[in-house]
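Protein chains in written order, with our numbering: chain Y, 17 to 591; chain G, 4 to 290; chain F, 129 to 462.
Honestly, the hints are just simulated from the structure, not real lab data. Predicted, not measured: the structure shown is a model, and the values here were computed from it. Do not rely on the hints blindly, as some may be mistaken.
Straight-line Cα separation of at most 30 Å, DSBU-like style, residue types lysine-lysine; simulated pairs [unchecked claim]:
id	chain 1	residue 1	chain 2	residue 2
1	G	Lys-180	Y	Lys-53
2	Y	Lys-146	Y	Lys-53
3	Y	Lys-326	Y	Lys-202
4	Y	Lys-349	F	Lys-159
5	F	Lys-159	Y	Lys-202
6	Y	Lys-326	Y	Lys-349
7	F	Lys-279	Y	Lys-146
Stretch-level coverage of chain G by chain Y, calculated; a stretch enters the list once three of its residues show a Cβ under 8 Å from a Cβ in chain Y [as the list claims (entries may be wrong)]:
id	stretch
8	85–96
9	150–159
10	201–207
Rough simulated footprint, nothing fancy, chain F against chain Y, three-plus residues with beta-carbon under 8 Å [stated by the list, open to error]:
id	stretch
11	113–119
12	125–133
13	139–153
Don't be surprised by glycine CBs; every beta carbon is placed ideally from N, CA and C.
For reference, the chains in residue letters:
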Amino acid sequence: MTEVAVTEQIAVDTATGTPLLTVANLRVSFGETEVVKGISFTARLGRCLAIVGESGSGKSVTARTLVGLTGPGSQVHADKIDLAGADLTRQSERSWRAIRGRQIGFILQDALVSLDQLRRVGDEVAEPLKLHGWGTRASRSRKAVELLSSVGVPEPEVKARQRPYELSGGLRQRALIASAIALDPKLIVADEPTTALDVTIQAQVLDLLAESKAGGTSIILISHDLSVVARLADEVIVMRAGEVVEHGTAHQVLHQPRHEYTRALLDAIPSEHTRGTRLVPAAAAPGGTTPPYPPAKPDVSEKVVPRTRKAIDRDRPVLQARNITQVFRGPDKVDRAVVDDVSFELFAGETLGIVGESGSGKTTSARIVLALLRPTSGDVLLHGQQWSALSLAQRQPLRKQIGVIYQDPLSYFDPRWPVGRILTDALSTGKRPPSSSAEARARAIRLLEQVGLGEQHLASAPLRLSGGQRQRVSIARALAPEPEVIVCDEPVSALDVSIQAQVLDLLTGLQDELGVGYLFISHDLGVIHHMSDRILVMKDGRVVESGTADEVFERPQDPYTQRLLTALPRLAQAS
Amino acid sequence: MSSISFPRAGALARLGSLRIPVRPGTAVPLLIVLLVTVAAIAPGVLTHRSPTAIDIEHTLLPPSLSHPFGTDDAGRDLYTRVVYGARESLGIGLGATGLAMSIALLLGFIAGLAGGLVDVVINRILEVAFAFPVLLLALLLIAIYGPSLTTEIVAVGIGSAPGYARMVRGQVLNVRKAAYVEAAAALGHRRHAVVRRHLFPNAMRPLVAMITLGVGQSIVWASGLAFLGLGVAPPSPEWGALLDYGREYITTSWWLEIMPGLVIVLVALSVTALGRTLQHRLEGAAR
Amino acid sequence: MSQVAEATVPVASRRPAARPSARTARLILVKIVSAILVLVAAASVTFFAQLLVPGSRAVAILNQQTGRAQLWTPAQLAPVNHEFGFDKPLIVQYLDYVGGLFRGNLGTSYTQYRPVTQVIGAELLPSLELTAASLVAAWVLAIAAILLTAKRGRFFSALGSTWEALTASLPTYWVGVVLLVVFAVEIRIFPVIGGTSAWGTVLPVLTLAIPLAGFLGQVTRDEFEKVLDQPFITTARTRGMGDTAVRLKHALRHSVLPAITLSGWAMGALISGAVIAENVYGRPGIGQVLVNAVNTRDVPTVSGIVLVVAGVYVIANLLVDIAYALVDPRLRAS
């Protein structure tokens with residue numbers, strides 16, 4: 017591919033570190049279905065083993081089996097699961113209780129739902145101590161505060177008396193980690209510990225885990241995010257549909273993958289290297305529920321499929337936001353500017369990316385642009401005409417010019433309507449409403465084909481479609497009225513990498529074909545860099561940086577942007 | 004304008020998939036409800052005797068093959084009386100539920116849709132209404148107007164309305180802030196179109212379960228009133244009246260009290276269970 | 129949507145709930161005032177209900193007294209009107225009525241010519257005892273059923289929820305009669321007429337508690353099963369916590385919230401049930417007074433009892449609201 021980004025010290029190829037956990041040929045099934053089809057690995061002290069895969073790969077099930085929490089109705093078979101001499105295949109529920117928390121620590125994702133919100137943080141952190149009969153109530157309290165401090169929580173005595181929802185996302189996750197390491201287990205299993213976290217916080221959490229590793233703990237990291245894995249892992253296993261498709265050192269797997277699936281997975285990651293090209297090789301058929309792998313033979317020229325863009329007319333902005341500000345009054349009666357003096361322009365055929373962490377105001381800005389929210393001050397122009405200041409009735413007939421797709425399309429579909437009705441309903445609001453039901457049906461079919469689905473999906477209920485298919489329907493609905501601009505609010509954040517790649521390719525393909533403009537909102541810098549022509553960086557409601565994609569990413573002026581870019585876990589792509 | 008072929012196909016598909024499987028969980032309630040309906044419409048089908056036929060030689064007989072529910076102190080066959088009482092009892096149940104639902108839908112929808120001051124006012128009214136349990140409100144109305152069929156229906160209807168009104172309002176509010184309502188607005192549909200095509204149909208979805216629950220509950224409440232001697236006057240074979248009548252025989256001829264009560268309980272349970280099943284089917288097919 | 133939520137609680141100003149006692153105290157005061165207003169509104173309803181008596185109230189009283197309905201002359205009606213205060217302007221009557229409530233005056237009985245409070249008198253206490261005992265019993269039964277049967281395999285779960293569905297719909301009189309016949313008449317464990325003795329109260333309490341337990345159980349079970357699937361439960365298990373402890377220490381607290389809310393409403397429902405239960409078991413209480421009053425069309429007494437019940441309901445809800453805020457501290461923040 018292209019340049020090499022700076023990564024950490026590359027791990028040595030030969031196995032070092034004392035083996036702690038040895039798993040040989042682990043198989044897990046639920047009833048008739050086998051979800052893990054024979055995985056073997058060794059976790060070593062002071063090393064991190066990462067298990068990578070998309071949804072349905074079996075990685076989470078594997079993780080839970082290591083602590084005996086596979087779940088009801090499961091059958092677990094293994095030739096060997098050995099934890100420093102203890103045979104984990106022969107544990108009773110009671111003996112598992114002695115192992116969990118003490119020998120093996122487990123970290124789940126999203127501390128907001130992984131910690132008991134009704135209990136104090138200190139109690140949650142001290143719980144493993146109490147369960148394993150450690151110390152007295154007073155000494156446990158003290159230890160909990162110590163633990164919080166060791167994971168970098170400021171004012172730990174104060175925080176220990178608070179409840180999880182009172183802490184910020186990053187501090188919560190640290191508290192979760194504190195409770196997992198309370199008894200200093202030699203093995204830590206982390207299941208997607210950084211998902212749902214902002215990029216900067218993500219980096220801090222990964223640093224914490226790295227510290228643990230440096231202290232001699234063995235870490236098993238489960239993740240779908242290859243760049244996160246790159247930062248921490250020494251050894252990587254790639255799983256797909258229950259099977260191991262690749263297993264080697266981090267350097268091998270990430271830089272010299274042997275299996276096509278791994279290669280395709282790496283190629284599908286959007287970043288600055290993939291700008292202007294398709295993520296999925298053209299030979300792969302779009303649509304369907306399973307990723308279309310294995311793809312065509314790895315041939316460099318075929319893989320890099322460039323886009324064919326229409327010219328962007330920079331004289332006629334389609335959308336103009338002029339100094340929009342949105343002030344909300346919080347429950348404590350204090351006014352806060354969720355969006356603070358934001359201005360931008362969007363031209364037909366181009367993609368303006370808005371990137372920011374949670375609370376940056378990007379979604380609120382999108383709602384203002386869509387005129388679902390009236391700004392406290394400032395306005396939005398559509399084709400040079402007043403848009404946000406119009407009355408409801410005046411705005412209705414103009415709505416067809418702006419479309420929208422959301423992160424979770426399912427809740428935006430009427431649960432009683434099949435796909436066909438969703439589309440014909442959208443067509444009826446557009447520029448050329450169908451004059452007969454036959455025409456409506458024909459155009460709905462054409463829309464479905466445009467997004468890579470087919471006539472057979474007309475009668476489908478959205479609930480029965482996969483995440484990727486739903487998003488395609490959502491895109492079809494947005495296209496139906498033939499808008500000039502589509503607001504995309506985190507459209508791929510909930511999708512697996514391979515599906516994400518397909519959807520992004522679909523969006524860029526449609527832009528090339530129809531000349532539609534995108535206001536593309538995301539927290540994922542790689543996706544933004546891949547998709548955008550120009551970029552806005554938002555923080556706390558303000559635009560801190562704006563410019564072309566290259567300008568922002570290669571020569572960031574604002575310190576926040578610089579921090580974001582440094583925190584971004586990078587995947588080195590050397591050919 | 005918008006296609007008509009899809010909604011029709013969709014609706015038919017939904018109805019088709021309503022095939023209620025014949026499992027004991029659904030078969031038994033269905034059977035009971037059917038029996039009660041037949042009893043209400045054509046009692047002669049289920050029994051050949053007359054509810055008023057007095058037989059002095061066969062008084063106070065316990066249940067047997069010839070008298071499945073036994074006989075009362077005038078020799079009347081209890082089973083027959085129960086069958087003939089179905090019409091009146093069901094009538095009360097349907098009447099009271101009809102009244103309650105009308106009030107509930109009206110108040111719930113207005114409060115949910117209008118929002119603001121209207122919602123606050125209606126909510127306060129409901130709050131006060133909740134302070135009056137159904138039975139006690141009914142007793143108050145009976146104390147004022149005297150016991151009669153109309154009073155019973157009106158009392159149970161008005162008394163149970165606030166509970167359903169709250170449910171309707173809750174559902175309307177939920178749908179109102181649903182994402183698909185916003186999506187419809189974003190597409191450019193006018194407000195009344197959004198209400199008609201999305202809000203109303205989705206808010207009405209739990210209706211089936213509510214109505215059947217209501218019928219079951221109304222029958223129970225009305226019979227409770229009759230148990231206290233404040234229901235319809237004898238010699239009506241209305242189930243509640245039978246309860247009132249059987250009270251003095253509890254310790255001696257238990258069947259006079261237990262059998263009508265059993266029928267009431269079974270009918271109430273069956274109607275409710277059937278409603279829940281229908282509700283699940285409707286939601287399952289749409290989802 | 130998360131934008132707004134996160135923006136309104138920025139990291140910088142997050143500090144331990146500042147002076148929670150002051151804010152909570154204000155909250156409680158608002159709730160108390162609210163409760164009083166609801167009572168006043170309820171009283172207004174009963175007042176105007178009394179005006180609804182067909183014909184004039186004096187006519188109804190005389191009809192009842194003499195046992196026959198006839199055309200009464202104004203001269204005959206006047207003393208009745210004067211005695212009960214019906215000749216005063218309506219607004220004065222209303223204010224007297226509502227004001228009287230705060231002084232413990234519920235009006236005068238039409239048939240017994242003495243204050244309603246006297247008529248109700250000591251009969252209220254046994255009913256309240258029955259109601260309170262039934263609420264406690266219902267909670268115990270419901271929680272036991274859930275802890276034993278929720279999410280313990282298909283058989284037990286189905287057993288538990290079917291039991292609850294059945295009992296929740298059972299009418300009070302039926303449960304009462306069945307229990308009476310089975311346990312007092314046939315198997316003579318309990319007395320048929322128990323009065324207010326402890327042993328004699330067991331059946332009435334069960335009569336009220338079983339259906340309510342079914343209802344509370346249904347609601348709590350739903351929550352409980354949802355809660356057991358939550359990630360924080362898994363976290364507790366990964367720390368080495370056993371299943372029973374997880375259910376008791378983590379899941380229970382999260383699932384009882386809806387049932388606590390319903391307990392306020394349940395008090396009102398229980399009292400109506402108590403009326404019937406007292407009737408079935410011949411137990412002293414307001415049930416007897418109430419039925420008599422209805423039979424003799426003694427509207428003030430019935431109104432009075434209804435208002436007392438409303439009062440109990442309002443107070444119960446107030447206590448529930450406060451308890452709720454204590455169980456779920458997230459609510460204290462708002």
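Now the hints, each set against the structure:
The hinted pair formed by Lys-180(G) and Lys-53(Y) fails the criterion: a straight-line CA distance of about 44 Å is larger than 30 Å. Proposed proximity of Lys-146(Y) and Lys-53(Y) is contradicted: the alpha carbons are some 37 Å apart, above 30 Å. For the given pair, Lys-326(Y) sits about 57 Å from Lys-202(Y) by alpha-carbon distance, which is inconsistent with the 30 Å threshold. At most 30 Å may separate the alpha-carbon atoms for a hinted pair to count; Lys-349(Y) and Lys-159(F) meet this at roughly 21 Å.
Simply put, Lys-159(F) and Lys-202(Y) have alpha-carbon atoms about 53 Å apart, too far for the 30 Å limit, and the pair is violated. For the given pair, Lys-326(Y) sits about 49 Å from Lys-349(Y) by alpha-carbon distance, which is inconsistent with the 30 Å threshold. The straight-line distance between the Cα atoms of Lys-279(F) and Lys-146(Y) is roughly 26 Å, inside the 30 Å bound, and the hint therefore holds. For the stretch 85–96 of chain G, the stated coverage by chain Y is violated: 0 residues have a C-beta nearer than 8 Å to a C-beta of that chain, whereas at least 3 were required.
Evaluation of the coverage hint for the stretch 150–159 of chain G: breached, as 0 residues show C-beta separations to chain Y shorter than 8 Å, against a requirement of three. Taking a C-beta to C-beta cut-off of 8 Å, the stretch 201–207 of chain G contributes 3 residues in contact with chain Y, enough for the three needed, and the coverage statement holds. Against chain F, the stretch 113–119 of chain Y contributes 6 residues with a C-beta closer than 8 Å to a partner C-beta. That satisfies the three-residue criterion, and the hint holds. Counting residues of the stretch 125–133 of chain Y whose beta-carbon sits less than 8 Å from any beta-carbon of chain F gives 7, enough to reach three: the coverage restraint holds.
Interface restraint, the stretch 139–153 of chain Y with chain F: holds (4 residues with C-beta to C-beta distance below 8 Å; minimum three).
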